[in-house]
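A.B. asks: Each chain, written out:
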Amino acid sequence: MDRRTPFMVLPLAALAASPACYAVQYLSVEQAQAIMFPDTILTAAPLTLTDVQKREIEQRSGMKVRQTTLKRWRAANGGYFVLDQVLGKHEFITYAVALDSTGAVRQVEILDFRETHGDEVRRAAWRNQFTGKTSRDTLRINEDIQNISGATLSCVHITDGIRRLLITHDVAIR
Amino acid sequence: MTSPSASPQIGPWRRARPLLGTYVEITLDAPGAPYPAQAFETAFAEIGRIHHLMSWHAPDSDVGRINRAPPGHWLDVDPCTAAVLHTAQMLWERSGGLFDITCERHLRACGLLPADSSGWAVARSGGMADLELDDSARVRLRQPLTVNLDGIAKGYAVDRAVAVLQAQGMTTGCVNAGGDLRLFGTEGQAVSLRDPRQPTRLWSLGEYREIAFATTGSYFLGVAEEVPSAVIHPASGQAVTLSGCITVTAPRCMHADALTKVAALADAGGLNLSPLFESLGAKAHLFPPVSEETPHGLCAAHQ
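Line by line, the protein sequences are chains F and S.
Using our numbering, read the first sequence as starting at 1 and increasing by one per residue.
Using our numbering, read the second sequence as starting at 1 and increasing by one per residue.
In case anyone wonders, no lab produced these hints; they're calculated from the structure.
This structure is a prediction, so every number in the text was calculated from the model and none was measured.
Treat the hints with care, since some could be wrong.
Within a straight-line C-alpha distance of at most 20 Å, the following computed SDA-like cross-link-like pairs (lysine to any residue) qualify [to be verified]:
hint: 1; chain 1: F; residue 1: Lys89; chain 2: S; residue 2: Gln198
hint: 2; chain 1: F; residue 1: Lys89; chain 2: S; residue 2: Arg197
hint: 3; chain 1: F; residue 1: Lys89; chain 2: S; residue 2: Arg201
hint: 4; chain 1: F; residue 1: Lys89; chain 2: S; residue 2: Thr200
Could you put the whole structure together from the sequences, leaning on the hints where they help?
C.D. replies: Set out below in structure tokens:
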């Protein structure tokens, strides 16, 4: 380290370490609907996939379909509001996609973001979604922490999730 | 589920979208003001526009067009792309070539970018000296080359979003593009640093205002474990090994973002980089500190 070229340095003090998972709710489902479909009436239109549809989606997307019921609302203008969840190595995310009447993605909003580092945390987060609990019940979650600097976390899981949703939509509306 | 801070009625308000290949979070605070829906929308739209201009993957982006352009012809690009290219050129010149947007072939070789199956990029082996810029947002290549702005565009997009938010009358907030963030406004805001050794551990760095933070490290790569980091030495093509992470602070996020790579490579070469960092108001920090016995501070890189 002595050989390292000197830089201008700032005596930043790291005050305390917090051994907690970062979690934040950006929007509730109702808030996301109001933002993504302002002044539009949304009607619940849940979609339950048949085994045949599930297999086709898995084949076309190359991804496993974990939930056979899609939380979906239809807008009066022909668009759709679709709610989905993805589980990555480091994150568990609830997000919403607004589709226009042609089935194209108009907007994506993240509703809920939870860190899930480690297998134990990840399994708990995934299991709890089915029981209506949140991972907060088993994990210490810190909702006060914000503005975290660190190396970039890829959004590949959401990108994959959106691709799976589009294929699901395509399969379902045929 | 709903925490008070998530309510659109009472700030600070936070929103997040997947953009720039990561999660972009915008925090706004305007006590007494209504929910700033338009400010969020405009800022995310601007980040989306920068994303599309500088996407390496899209053939019709400015970067895609440069990477397919024949040499010898002037190519019009967006003024934002031109601004980033000018900065990249300045940083290349003043860092002794350590910051190099034309070394993306090395990222492909390491598996950090998709393999070049067509062989097109391999044949475009020109370097920074072959990139010509004028003052009218035009680019000309002396030799075929490819550029990749992933090491600087994220910070620039953050700066653009902050400019858009301030133009919309927003006085306090933060734009955080997957860990590269900038605070604006006179109110102090807390900043944390993710511990590169243990991602669930966050170090509180205290409160700051009007400053950008960018960090590079080995965590979250999601590629083969033998790739030690996403920072590649332009001369050797080898990824550098970072035992922790390097955080750079600067007034502009574009500078902080780009200078993390320069700081990570600074061991080599023996170039005095202080004038460069000083002229941009930037400071580099290594984390964890060199001595494990004193884990209380973000220590200077050269201590």
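A.B. asks: All hints, please: hold or fail.
C.D. replies: Do the hints match the structure? See the list:
1. A threshold of 20 Å between alpha carbons decides the hint, and for Lys89 of chain F with Gln198 of chain S the separation of about 14 Å falls inside it, so the pair holds.
2. This hinted pair checks out: Lys89 of chain F and Arg197 of chain S have alpha carbons roughly 16 Å apart, not beyond 20 Å.
3. With a C-alpha separation of about 16 Å, the suggested pair Lys89 of chain F and Arg201 of chain S falls inside the 20 Å cut-off, and the hint holds.
4. With a CA separation close to 12 Å, the supplied pair Lys89 of chain F and Thr200 of chain S stays within the 20 Å bound.
Hint compliance for this structure: every hint is met.
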